[in-house]
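J.: Start from chain A and add chain Z according to the hints.
Just so you know, the protein sequences line up as chains A and Z, in that order.
The numbers in our numbering rise by one with no breaks, and the one at position 119 of the first sequence is 119.
The numbers in our numbering rise by one with no breaks, and the one at position 106 of the second sequence is 227.
Just so you know, the hints here were simulated from the structure itself, not pulled from any lab data.
Honestly, I wouldn't trust all of these hints.
[Claimed, not checked] Derived coverage of chain A by chain Z (criterion: at least 3 residues anywhere in the stretch with Cβ under 8 Å from a Cβ of chain Z; other residues may be distant):
{"#": "1", "segment": "16-25"}
{"#": "2", "segment": "98-105"}
[Unchecked claim] Just a sample of chain A residues kept apart from chain Z, beta carbon distances all over 12 Å, derived:
{"#": "3", "residue": "VAL33"}
{"#": "4", "residue": "ARG57"}
{"#": "5", "residue": "ALA75"}
{"#": "6", "residue": "GLN109"}
{"#": "7", "residue": "GLY119"}
Note that the Cβ used here is the ideal one computed from N, Cα and C, for glycine as well.
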Amino acid sequence: VADAGPVLVVEDDEAIAAIVAGVLEDEGYAVAVARNGAEALDRIAVRRPRLILLDMRMPVMNGWEFAGAYRARTAAPAPIVVMTAGDAARKASEVGADAYLRKPFAIDQVVAVVARHAGAP
Amino acid sequence: MVVPEGPGGRVLSVPGGRLLPYGAAVAPVALALALRLALVSQGYLFVFFYPAVAAAAWWGGVGPGIAAAVLSAVVVNLVLMPPVSALNLAPEQLVQVGTFLAAAGAVAWLTGRARQAATAAEAGQRRLTLIAEASALLAGSLDYETTLQRVVRLPVPRLADWCTIDLLDDDGRVLRVAAAHADPAEEPRLHEIASRYPMTLDEPRGVAIAVRTGRTQLQPALSDADLRAAARDAEHLAILRALGARSHLIVPLVARGRRLGALSFTRGPSGRRYAAADVSLAESLAGHAALAIDNARLYRAERVAVRARDDFLLIAAHELKTPITSVGGGAQLLLRRLRRGPLGLDRIEAGLAEIDVQSQRLTRLVEQLLDLTRLESGRLALEPREMDLAAFVADAVAARVERHPDQPVTVTAPEPVLVAGDDLRLEQVLANLLGNAVKFSPPGAPVEVAVRRGGGQAVVSVRDRGPGIPAEHRERVFERFYQVDHNRHYGGMGIGLYVSREIVALHGGTIAVEDPTDGGASLVVRLPLAGARPAPTERAARG
Chain A
1 VADAGPVLVV
11 EDDEAIAAIV
21 AGVLEDEGYA
31 VAVARNGAEA
41 LDRIAVRRPR
51 LILLDMRMPV
61 MNGWEFAGAY
71 RARTAAPAPI
81 VVMTAGDAAR
91 KASEVGADAY
101 LRKPFAIDQV
111 VAVVARHAGA
121 P
Chain Z
122 MVVPEGPGGR
132 VLSVPGGRLL
142 PYGAAVAPVA
152 LALALRLALV
162 SQGYLFVFFY
172 PAVAAAAWWG
182 GVGPGIAAAV
192 LSAVVVNLVL
202 MPPVSALNLA
212 PEQLVQVGTF
222 LAAAGAVAWL
232 TGRARQAATA
242 AEAGQRRLTL
252 IAEASALLAG
262 SLDYETTLQR
272 VVRLPVPRLA
282 DWCTIDLLDD
292 DGRVLRVAAA
302 HADPAEEPRL
312 HEIASRYPMT
322 LDEPRGVAIA
332 VRTGRTQLQP
342 ALSDADLRAA
352 ARDAEHLAIL
362 RALGARSHLI
372 VPLVARGRRL
382 GALSFTRGPS
392 GRRYAAADVS
402 LAESLAGHAA
412 LAIDNARLYR
422 AERVAVRARD
432 DFLLIAAHEL
442 KTPITSVGGG
452 AQLLLRRLRR
462 GPLGLDRIEA
472 GLAEIDVQSQ
482 RLTRLVEQLL
492 DLTRLESGRL
502 ALEPREMDLA
512 AFVADAVAAR
522 VERHPDQPVT
532 VTAPEPVLVA
542 GDDLRLEQVL
552 ANLLGNAVKF
562 SPPGAPVEVA
572 VRRGGGQAVV
582 SVRDRGPGIP
592 AEHRERVFER
602 FYQVDHNRHY
612 GGMGIGLYVS
622 REIVALHGGT
632 IAVEDPTDGG
642 ASLVVRLPLA
652 GARPAPTERA
662 ARG
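This is chain A alone, in the form it adopts within the complex:
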């Protein structure tokens, strides 16, 4: 796992993105942040992430559209963890995500789900 790639945080709310990125960086992960699905696709084109934390309701390109476009252009997609309020399980299954974090979530949950699906930093 010499070059596993960053954890990509796709979230339009800057405060939440900063907190999630902060705790993961504290744990020793490399983190990249995108504010919507389109930005995320741009980042993925440069470097493959080891895991994607994905908000669903976003401007420009939302989580559903991003997941579709990402799968269409990637042979071996990274695991996706949906971060959303409301019916998180349903939304996660709609985009074929590996796991979900229901907002409001505790940051310990973020660390745990990333460790489970992306391995140790």
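T.: Here is chain Z on its own, set in the frame of chain A:
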């Protein structure tokens, strides 16, 4: 009831129809005479003729019954009383004939009246049955479509060969919402004719007149000339002729004092014609129908409102969870870092400041929700005072730019514009409009705010260079709970613009989306001017 208006309104009189029962009175009298001659050789002069009089009165009414009695008296006198073939005017015979006439007259009168009563009772029974069926059927459903279908099918075929419901919409158009025909294959034609030749309320046609005046329109006999007068073109006439309406009864649908539309009963070539006697039954049915339609409409509106509220609660909960996540997450991150080892004061301060910002955001969302509740219950009160809107907007924008230097906003406010306004509420409106404009602006493109006088009003415009608002959304963006696209999230609960519009309306003003020709969106607030009196001192004091 109204004497029919328009080309179709002639009451048809049928003289031949009235004389027919008198002619028919001859038959039972002739039969009675034949029986008397065949069965009895002497005596029993009058006995056979009482049933004949009764029969004539039963089938024809009191008049033909009496005619049969007179005819019987003449026949008996001429044929049966000796000497035969001559009028017998001896006093004894005259007494006999007179007695018969009095008794037979009574029989005719009683029988005719009995028949009338029986007929009326039968008709009443049929009406009661129909009305009872109507109330049971119409009370059975609150679903709008089901109710319309039940209303329109009920009178067919007993009261009409076909029946249509036309309802008035909010724009004054008359729309056909349901149609039933005794021959279901004809139903599409009833819809087609209404959609191809739509009706407006000001037309001189039966349905429009009924809705307009609120009075029943009876057109007992429609001629081809009436169809020609009603047709808009040759094709329309062809459809009307193919339908073959012969008699029309149009009843307005009125509920809670409001005219909803009209229920039209029509009979084709083979059917009876409508008469004044049909009006009250049709009106009773229409009364039940209007009530049922009104209830179904209210119920439907209520359900739409409940669904909108449910959707909104979901969005509001979702929207609240974002700052809640940030507040909790920010505090947890800070704690986690503090527990791991010493943390610089500056990092602690930055973390706490962020938590503070997020808790303010949460407060604003809750305030918005409270405003919404206040507006809905009419408890949002203004505290207006005279103010210079130009200086006020310039100050508010300057303060915002100081807080968010990365979000450029320019102001053009060359001269004082005095209004009577509640500064806290107007600040809220401005914050909503600016927040909205910034949200949709491409990075770096400034939002342009202008304050001026125009058309005798104070005008504030907030213009962005974003994607603009599609024409079909321009009215709706101010609706409660409205978001252009729920899943394409631009933040907010969809109540900012609604609350803004309501606040502006409380000031006696308006707010609208205008469409700049060179792209972006412009939201324009117009408020009444406080007066022509300029106040340069206030401007100087504030600016």
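J.: Decide, hint by hint, whether the structure agrees.
T.: Right, here's what the structure says about each hint:
Remark: the segment 16-25 of chain A is confirmed as covered by chain Z, as 6 of its residues place a Cβ nearer than 8 Å to a Cβ of that chain, reaching the required three. Coverage of a stretch by a chain is defined here by at least three residues with a beta carbon nearer than 8 Å to that chain's beta carbons; for the segment 98-105 of chain A and chain Z the count is 3, and the condition holds. At the 12 Å boundary, the C-beta of VAL33(A) stays outside the reach of chain Z, the nearest C-beta of that chain being 15 Å off. Non-interface status of ARG57(A) relative to chain Z is broken: a Cβ of that chain comes within 12 Å, the nearest being about 3 Å off.
A cut-off of 12 Å between C-beta atoms confirms that ALA75(A) is not in contact with chain Z; the least separation is 27 Å. Its beta-carbon lying about 10 Å from the closest one in chain Z, GLN109(A) breaks the requirement of being farther than 12 Å from that chain. Chain Z leaves GLY119(A) outside its interface by the beta-carbon criterion, the shortest separation being 21 Å against a cut-off of 12 Å.
In the structure shown, a violation is registered for the earlier hints numbered 4, 6, in ascending order.
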